[in-house]
Amino acid sequence: MCCIGSKWKYILVVVVVVVVVVVVVVVVVVVVVVVVVVVVVVVVVVVVVVVVVVVVVVVVVVVVVIVVLVVVVVVVVVVVVVVVVVVVVVVVVVVVVVVVVVVVVVGVVVVVVEVVVVVVVVVVVVVVVVVVVVVVVVVVVVVVVVVGVVVVVVVVVEVVVVVVVVVVVVVVVVVVVVVVVVVVVVVEVVVVVVVVVVVVVVVVVVVVVVVVVVVVVVVVVVVVVVVVVVVVVVVVVVVVVV
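In terms of full-length UniProt numbering, the sequence shown is residues 1 to 242.
Any given hint could be a false lead.
As the list claims (entries may be wrong) - Simulated DEER-style distance windows between Cβ atoms:
| no. | residue 1 | residue 2 | range |
| --- | --- | --- | --- |
| 1 | Val-30 | Val-230 | 17 to 23 Å |
| 2 | Val-166 | Val-109 | 36 to 42 Å |
| 3 | Val-38 | Val-182 | 44 to 50 Å |
| 4 | Val-143 | Val-166 | 31 to 37 Å |
| 5 | Val-73 | Val-150 | 38 to 44 Å |
| 6 | Leu-69 | Val-193 | 19 to 25 Å |
| 7 | Val-13 | Val-38 | 33 to 39 Å |
| 8 | Val-127 | Val-153 | 56 to 62 Å |
| 9 | Val-216 | Val-184 | 47 to 53 Å |
| 10 | Val-167 | Val-146 | 30 to 36 Å |
| 11 | Val-206 | Val-71 | 38 to 44 Å |
| 12 | Val-150 | Leu-69 | 46 to 52 Å |
| 13 | Val-38 | Val-230 | 43 to 49 Å |
| 14 | Val-216 | Val-190 | 35 to 41 Å |
Hints are computed from structural coordinates only; laboratory data are not their basis. Note that beta-carbon positions come from the ideal geometry of N, C-alpha and C, so glycine has one too.
Kindly generate the complete structure, drawing on both the sequences and the hints.
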């Protein structure tokens, strides 16, 4: 009986030691696994934050560059339009001045010639011929004035048409440029946002998978350790009893 009591004391001591060792091992394993999971989650979160910041910076830079390009294009187009309009106006003014001068000179020459003719005719012919010549002079002067007015009107109409065409072309060009730039900016922003969303989703999925795998490994390790402890205890008990 004394020997049997000693055996059970020994068994109890061995079981207590084994259980303590198992508990310590399980605690250490759980702590290590938790630390690994925390480190993995922190690393993944840092990577996601860095990726999002980089993508946002790239989007901002792209938008700023595109806006600057739009402003430069609009300024260049406006300058070109102003230069074209100024050139057209100068050309029109020069043409009108030349036409007016030509009309005036022609009218003066015609009047002088007619006056000379009238004088010669007065000297040579009768008063009736003078009257006829005066009528002819008046008609010629009227015709010259009418022709000059028609020429001026035609020139002004042509100038107006040219200016209208230039303005329409410039407006169309500016509208097309602005539309193209806006479309490009929208496409760039959409692409960047899609890329950011995809990266974040992938990172989150990877983190979830890693955490699940780590938890499964911890559970398996704990189960294996418990089974081993139970087996060792059973074996020790059997050996001591036998």
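Tested hints:
no.	hint	verdict
1	Val-30 x Val-230: 17 to 23 Å	18 Å, holds
2	Val-166 x Val-109: 36 to 42 Å	37 Å, holds
3	Val-38 x Val-182: 44 to 50 Å	46 Å, holds
4	Val-143 x Val-166: 31 to 37 Å	35 Å, holds
5	Val-73 x Val-150: 38 to 44 Å	43 Å, holds
6	Leu-69 x Val-193: 19 to 25 Å	21 Å, holds
7	Val-13 x Val-38: 33 to 39 Å	37 Å, holds
8	Val-127 x Val-153: 56 to 62 Å	39 Å, violated
9	Val-216 x Val-184: 47 to 53 Å	48 Å, holds
10	Val-167 x Val-146: 30 to 36 Å	32 Å, holds
11	Val-206 x Val-71: 38 to 44 Å	42 Å, holds
12	Val-150 x Leu-69: 46 to 52 Å	49 Å, holds
13	Val-38 x Val-230: 43 to 49 Å	31 Å, violated
14	Val-216 x Val-190: 35 to 41 Å	39 Å, holds
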